[in-house]
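So you can see what is in the structure, the chains are spelled out below.
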Amino acid sequence: MSAQALVNAEKGTSLWADAWVRLKKNKLALFGLGVVLFLIVIALLTPWIAPYGYEEQNLELGATPPSAAHWLGTDLFGRDLLTRLMYGGRVSLAVGLIATSVALLIGVAWGTIAGYVGGRTDAIMMRIVDALYALPFIIFIILLMVVFGRSLLLLFLAIGAVEWLTMARIVRGQVLTIRNQEYVEAARAMGLSTPRILLRHVVPNSLGPIIVYATLTVPQVMLLEAFLSFLGLGIQPPQSSWGLLISYGAEVMEDYPWLLIFPGLALSITLFALNFLGDGLRDALDPKASKD
Amino acid sequence: MLRYTLLRLLQAIPVLFAVITATFFLIRQAPGGPFDAEKPVIPAVKRALEAKYNLDLPVWQQYTQYLGDLFKGDMGPSFKYPGWDVHDLILSGLPTTAELALYALLVALVIGVLAGVFASLKPNTAQDYIPMSLAMIGICMPTFLLGPLLVLMFGFWLEWLPVTGWGDLPGDKILPSITLGAAYAAYIARLTRGGMLEIMSQDYIRTARAKGLPEWVVVTKHALRGGLIPTIAFLGPAFAGLLAGSFVVETIFQIPGLGRFYVQAAFNRDYTMILGTTIFLSTLIIIFNLLSDLLATWLNPKLRSQFRGGAV
Amino acid sequence: MLLKVDNLTIQFHTRNGITTAVDNVSFAVNSGEILGIVGESGSGKSVSCYSLLGLIPMPPGKVESGTALFEGQDLLAMDQSQLRDVRGDDVAMIFQDPMTCLNPFLTIGEQLVEPLIYHRGYNKKDAKQRAIELMGETGIKKAAQRFDSYPHEFSGGMRQRVMIAMALITEPKLLIADEPTTALDVTIQAQILELVKELQTKRDLGVIFISHDLAVVRGLADKVIVMKEGQVVERNTTKALFENPQHEYTKQLLDAVPSGAKTAGKVSDTKALLRVRNLVTEFYDRNTGKPFRAVDDVSFDLIQGEILGLVGESGSGKSTIGRSILKLVPARGEVTFDGKELLGLSQKAMRPIRRRMQMIFQDPYASLNPRMTVFDTLAEPLLVQGLATRQTVEAQVLELMDDVGLARAAIKKYPHEFSGGQRQRIAIGRAVATKPELIIADEPVSALDVTIQKQILELIKALVDKHNLSMLFVSHDLSVVRALCDRVMVIEHGKLVEIDDTEALWMQPKEAYTQRLMAAIPSV
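Chains A, B and C supply the protein sequences, listed in that same order. With positions in the first sequence counted from 1, the corresponding number in this note's numbering is that position plus 675. With positions in the second sequence counted from 1, the corresponding number in this note's numbering is that position plus 4. With positions in the third sequence counted from 1, the corresponding number in this note's numbering is that position plus 97.
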């Protein structure tokens, strides 16, 4: 850059850099980030690093408490619980990430259009969101799973379809605020085209809350999946998820408590990590929202 | 306000109608009818059964007939429990579920609001961190995990409390109510804290302090009314969540409530029962959403007068 | 002596270190006396008073030293419960923004009676009786009926009257008023100041009047202290201080207050650069669903090379006129710029004309994209309008930064790293980047401290001269307008009241509204 040649420019700190500095100070959020990254790596590598095969049974062994050979014990069929947890985690995480992406996609598009176009379009689009909000979605998802069978794809779509509503509201609120900011007026007075205004001014400034909300949606989705699986309406064997493992564990907990406790811990710690990360991101990206 | 209430009620009607219609046709899409379950039925018997339940008519005719019956309060007979009408089944489960939900809501509100207000009074101190960390655990410890864990601990290991039933043994209502209410106590605590912190930073709280009011008056009279609005607006969604949670809790603790009926009906493909329960629960949820919304609006004087019209 | 503060020092202990907000400050007030505390933002003028009553958050705030004897008792040695007995009883306060200082969830009445009930043990009925009397005394009409109204049903001026009634209801001996008229329109400000003066005389009240506005303080206070960076730099009687300021900073402050009329060259040109005819801008009121006319049939010419002032109170539609001309809000009527009709143009056809007319906004915090560096902000108009290439843009931006008085080294910095005045320089740089002929400036100095305001006004003047700009200068501050503008037009409720040469309008305002406006201006 020729500016470097002309002046000795001081490096400015962008809001992103600022946010990163704040996030780094938040130990809980960093812990959350670490756990999430760790889990993603484990999930990606599971087929290679799992101590046993997914279907590997040992009926003679039966259910055993944690030992050196089976760190987290085995279930009634003598299957290694750690292995089952690792494979189940893949499903749980995938549901969380994919359904959140679905919600993100629909929600951001819907909210941006409603917020930026405004007027009647906005009114109609938001009325639809309001009406859908009034629907009892939990019951509907259960119904869908009953009627169409328990397919993973359907689960992604159904959960994504529920979660996009809040996303759309948040995005619209953001866009609406930013649209009326003086710097967007200045951009219009400058003669910038609408797509360029959206791209340069509106989107970068609404990214913060979207990232925060997306982070907080992932644990919600995982919870919903686990809830459905627990009722026997979600993931189906032979596939497994943490919700399903908890469900099994609950049935036999009196005799084999580790089958309940370890899957429960896995789910809780993940939810913890994601929530802490989300809260930390909120504090870091939107300093006004967290009163210090 | 009256006009606003009526307007909102009118808006709820198409939603309800959409729910009924969607449910009705969805159910008809299900692979496998109610009578081709476990043991094979003789075709003639099956036909007779289908005629009895109007399943031989065209779908749209079944639909209009169902709507007409529904309007008269008749949800039809259950497919799986011969001799039982759906609304009898619903009514038999309702009191139990309502009681469970009520206790859970009480647990959630009392613990949640108290913890939230308490935490908000001294933000970023131990008084804030401890209840809020507990709330975070509550949120990350879903009903279907907390329930079994409580059963394991208080039922099997400590043997303090019974772990099944509802109203059969002394103390058997404690664990289910706590299990169902805990997560919502956590949400409400977080919401209340947020709402209170927002209000406590307002200029008018400074005015109240400058008037020399005792701190408890500042908190209860000046801050709480505004600070609780997010919590009240959350009660509608919370109620929907409580109903869903009751499915799990009633399953875990083997409580004969509506939730358990619903889950069983879903497995049994008991058409009329699913349909009836869905419509019933949806109506309840829509009504509660409306109520919490109206209450939150009414609590805000500015919004209240904006919707002034008719009699106030 | 009613209140005697000695050697007050207050520090804030934050993560980033210790800052001394109030540094060894002493002052005193007698009954029946008004003490003015003057200073710019961050001077410690509010903190010094709030801390006396325990109203600053502690921690992080901490009173390091000092005494504050109120009727012989040291306020700083009291605990919170003793302070509570003083607050709202013998010492009352009113604040800056009456919009946010009353609780929106409680009726005016509920809030008014509280001091009587908690300090004086009144029952509700007697307290209500007293409150209604006082509401009448502070100029609230139909007091008995309005007792049960909510704050949002009152205008800003009325709310400040409620605040005053609430402060005086216990017959306090000392009133601390923190910028009580800053958020109000100038005519309302005059009424409130008059009310404060009247009540103070009648009740022999001691008053501490905190303000950034020297003119207001001069009209009201008996004696004044001037604060800067936590210290008292000068103290004197009002008369002596304003007539014969001793300290350099006081002189600087007084010098910065816009006064007198624009002296430099009359505009000789008569060619209208901008012709506005029958301009109407309507908004839809979301609550009532009815159209609301923000601008109602306004016509005027803006002559080549002049600075035309556009004056009005809040809600008069003055900002909307500027935005309508630039087609930032949809409007009807006729706007002709250099012979070209604008309102009929599509946004696309408008684009090349936008190079020639630009806008400067009020709030330097909201008018810059927080995620763009100075370079990005200043380069954008140049690139969009095709006035620079990737190769030349750096040099052009640097030149622009020189023009508006920004250090070249700051080119990579983001808006939040600058002060308010510097931000406004960036915003001005963005507006003049395309070398426009017309600039619409919407309250460009209203959010700035008076010394910064002076610098920015000088920058604007210099740029107008250098680039031969024409300007529509929108402001509520009549003194600023008088010092800057060649001609002035006055707007009320969206309608044009009067338009004339600045001095003619000042000396002989024709319309009643203009006369009232002129009469309300406090002067130094």
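These aren't lab readings, by the way, just hints derived from the structure by calculation. Only a predicted model underlies this, so the values are computations on that prediction, with no experimental measurement involved. Errors might be hidden in some of the hints.
Which residues of chain C face chain A? A partial, calculated answer using Cβ under 8 Å [to be verified]:
hint, residue
1, L423
2, R468
3, T470
Backbone N, C-alpha and C define an ideal beta-carbon position, used for all residues, glycine too.
Evaluated hints:
{"no.": "1", "hint": "L423", "in the structure": "holds (5 Å)"}
{"no.": "2", "hint": "R468", "in the structure": "holds (5 Å)"}
{"no.": "3", "hint": "T470", "in the structure": "holds (6 Å)"}
Going down the numbered hints, you'll see the structure goes against none, and every one checks out.
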